[in-house]
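Trainee: Knowing the structure of chain A, use the given hints to seat chain B on it.
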Amino acid sequence: MRVDLDIIQNWIPPQSRVLDLGCGDGTLLEQLGKNKQVSGYGLEIDPQQIERCLQRGVNVVEQNLDAGLGNFADDSFDTVVMTQALQTLRQPHLVVREMLRVGRECIITFPNFGQWKARWHLTFSGRMPVSDLLPYEWYDTPNIHFCTFRDFEVLCRDNNWTILHRQVVSESTVSRAFKDFLPNLFGETAIYHLTR
Amino acid sequence: MSTEKLSSSSSARGTAEPGSVGIVAPQSHTFSEPLELACGRTLRDYTLVYETYGELNADKSNAVLICHALSGHHHAAGRHRPEDKRPGWWDHYIGPGKPIDTNKFFVVSLNNLGGCHGSTGPASVNPETGKPWGPDFPPLRARDWVHSQARLADLLGIDQWAAVVGGSLGGMQAMRWSLEYPERLRHCVVIASAMKLSAQNIAFNETARQAITSDPDFCGGRYLEQGKLPRRGLAVARMIGHITYLSDDGLGKKFGRELRSGTFERGVEEQVEFQVQSYLRYQGDSFSTSFDPNTYILMTRALDYFDLAREYGDDPVAAFTHARCKFLLVSFTSDWRFAPDRSREIVDALMHANLPVSYAEIESAMGHDAFLLPNERYQRVFGAYMNGVAAETAGEVK
Numbered sequence: 001m002r003v004d005l006d007i008i009q010n011w012i013p014p015q016s017r018v019l020d021l022g023c024g025d026g027t028l029l030e031q032l033g034k035n036k037q038v039s040g041y042g043l044e045i046d047p048q049q050i051e052r053c054l055q056r057g058v059n060v061v062e063q064n065l066d067a068g069l070g071n072f073a074d075d076s077f078d079t080v081v082m083t084q085a086l087q088t089l090r091q092p093h094l095v096v097r098e099m100l101r102v103g104r105e106c107i108i109t110f111p112n113f114g115q116w117k118a119r120w121h122l123t124f125s126g127r128m129p130v131s132d133l134l135p136y137e138w139y140d141t142p143n144i145h146f147c148t149f150r151d152f153e154v155l156c157r158d159n160n161w162t163i164l165h166r167q168v169v170s171e172s173t174v175s176r177a178f179k180d181f182l183p184n185l186f187g188e189t190a191i192y193h194l195t196r
Numbered sequence: 001m002s003t004e005k006l007s008s009s010s011s012a013r014g015t016a017e018p019g020s021v022g023i024v025a026p027q028s029h030t031f032s033e034p035l036e037l038a039c040g041r042t043l044r045d046y047t048l049v050y051e052t053y054g055e056l057n058a059d060k061s062n063a064v065l066i067c068h069a070l071s072g073h074h075h076a077a078g079r080h081r082p083e084d085k086r087p088g089w090w091d092h093y094i095g096p097g098k099p100i101d102t103n104k105f106f107v108v109s110l111n112n113l114g115g116c117h118g119s120t121g122p123a124s125v126n127p128e129t130g131k132p133w134g135p136d137f138p139p140l141r142a143r144d145w146v147h148s149q150a151r152l153a154d155l156l157g158i159d160q161w162a163a164v165v166g167g168s169l170g171g172m173q174a175m176r177w178s179l180e181y182p183e184r185l186r187h188c189v190v191i192a193s194a195m196k197l198s199a200q201n202i203a204f205n206e207t208a209r210q211a212i213t214s215d216p217d218f219c220g221g222r223y224l225e226q227g228k229l230p231r232r233g234l235a236v237a238r239m240i241g242h243i244t245y246l247s248d249d250g251l252g253k254k255f256g257r258e259l260r261s262g263t264f265e266r267g268v269e270e271q272v273e274f275q276v277q278s279y280l281r282y283q284g285d286s287f288s289t290s291f292d293p294n295t296y297i298l299m300t301r302a303l304d305y306f307d308l309a310r311e312y313g314d315d316p317v318a319a320f321t322h323a324r325c326k327f328l329l330v331s332f333t334s335d336w337r338f339a340p341d342r343s344r345e346i347v348d349a350l351m352h353a354n355l356p357v358s359y360a361e362i363e364s365a366m367g368h369d370a371f372l373l374p375n376e377r378y379q380r381v382f383g384a385y386m387n388g389v390a391a392e393t394a395g396e397v398k
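Quick mapping for you: the protein sequence lines, in order, are chains A and B.
Letter by letter, the first sequence follows residues 1 to 196 of full-length UniProt numbering.
Letter by letter, the second sequence follows residues 1 to 398 of full-length UniProt numbering.
It should be emphasised that the hints constitute simulated quantities derived from the structure, not laboratory data.
Fair warning: this is a prediction, and the values are worked out from it, not measured in the lab.
A couple of the hints might just be wrong.
Stated by the list, open to error - One side only, chain A facing chain B, incomplete, derived with CB under 7 Å:
1. Glu30
2. Pro47
3. Ile50
4. Gly57
5. Val60
6. Val61
7. Glu62
8. Asn71
Where is the CB? At the ideal position from N, CA and C, for every residue including glycine.
In isolation and in its complexed conformation, chain A is listed as follows:
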């Protein structure tokens, strides 16, 4: 299980209702169902991921997040989750706004483009960063809206969204050692827990 998914589980109360945007293979919803009796749905557009969800018995609905969440009523979920999908959206800020309309709280994870490796790569090679976490070339990447932790927090402030928790995750030893000290430079993945 991915570290970020572990942390997210801790922030979701038992027996609550969860909507998982870009739910991938359904791991999170499956775990939440087993460990916390959480019910909910995953939204996904990748056919292979949808099949993996179906095989697991996870409720998955084919829906494009860029088309909005207009089919969901206000406050219809306790928590709306979106892991590693923010940077793929056409209008990320509108989706976060929708997440906080549909759910009382939302949890968002995204890769930190301000991490030192990315900065290093761009500064010294003069080319867009390609890493294990973001293994795409600039022209074929599904990640079209990069941001740093600081960028995201500015977005939250401008919209009056309250940050309940923030956790920074790093895989490499160097980054792990410094991530609490300089998160925007050493954090690889951010997990934000927001409310209105």
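Mentor: Just chain B now, kept in the frame of chain A:
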């Protein structure tokens, strides 16, 4: 309830092509407990013809009911005779190793009441007059089919279906099952369907019915008594229907403007015939010799009348709060008769009602007919879901 069986058989397994249920034979049963219908009338007794594939397990928990669409019938998989040119209408999806895996499930497929393939319908003899029912056969609604299917389940000793599955009009029956008998199914699979028809849909059905009733051989629906058959009207009805089941793209890819005969050459008067013309005529002609016109009228009316939420204050969410099962919804991108939006409405209502639901929108150029045709992604989605149903069923047995 009478237990007399007109014929009895089980499927021959392990013969014919791999993935096929092999040679199958229909069975039939005459139910003598009167069936009260939605129209207020009562059918004193009636016969249902059905086929079964696979084996019912010891605790009778692996049964799957197939609900057929407008022109369907009980023969969904396998062949009646080795020399049959075509297998049952859903043979792509029912069989060993197929999405509805007959190694795991006991599949029941019937010809609905009002049909014309052996179950009691307008072409059957009305016991009160000794003549064919014809236009006097009671109008039916999806719920009447569901109630008669529940009697068939009783007969087979099935308290609860592992899944009730249907495409198009069959999907409507599956949804009705979830509301009428919430405790009697664990899964509801609704493919290329809708909670109600649109005005455009009703308009197509009405045009088809007008084609039949305006054929002079229709004789007010008493054509059997007159020794006639409104074949031309039924053929036109089928042609209209057929066009709407395909997509513009699908027809274009299949036929384009290709000619079957004739030429556009200057100075030649001979008329041209496009391939699509001859195809449609063939479809119409072959249908008109194998289907009962009154049944066609009855089935299209049942489609028109169906409105899942009518009696629940027109609120689909309120309707689905009565359901207890899990749902799979599937739609096809080029299906304009039962468009993906109609399926999404069902999915949204189910999510609002807090019921388990999954949904896939399958890329296809084949229009509404896509639900009957081979399609890799559709097969995988359907198979993955049904695998889950089978695993859950096996888990309960342990």
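Trainee: Each hint: holds or not?
Mentor: Okay, the hints, checked on the actual structure:
1. Glu30: 12 Å, violated
2. Pro47: 6 Å, holds
3. Ile50: Interface hint status for Ile50 of chain A: holds (6 Å vs cutoff 7 Å).
4. Gly57: Check passed: Cβ of Gly57 of chain A comes within 5 Å of chain B, closer than 7 Å.
5. Val60: Hint on Val60 of chain A: holds, closest Cβ of chain B at ~5 Å, below 7 Å.
6. Val61: Holds, about 5 Å.
7. Glu62: Where the cut-off is 7 Å and the nearest Cβ of chain B is about 5 Å from Glu62 of chain A, the hint holds.
8. Asn71: With a minimum Cβ separation of about 5 Å from chain B (threshold 7 Å), the hint on Asn71 of chain A holds.
The structure fails hint 1 only (numbered hints given earlier).
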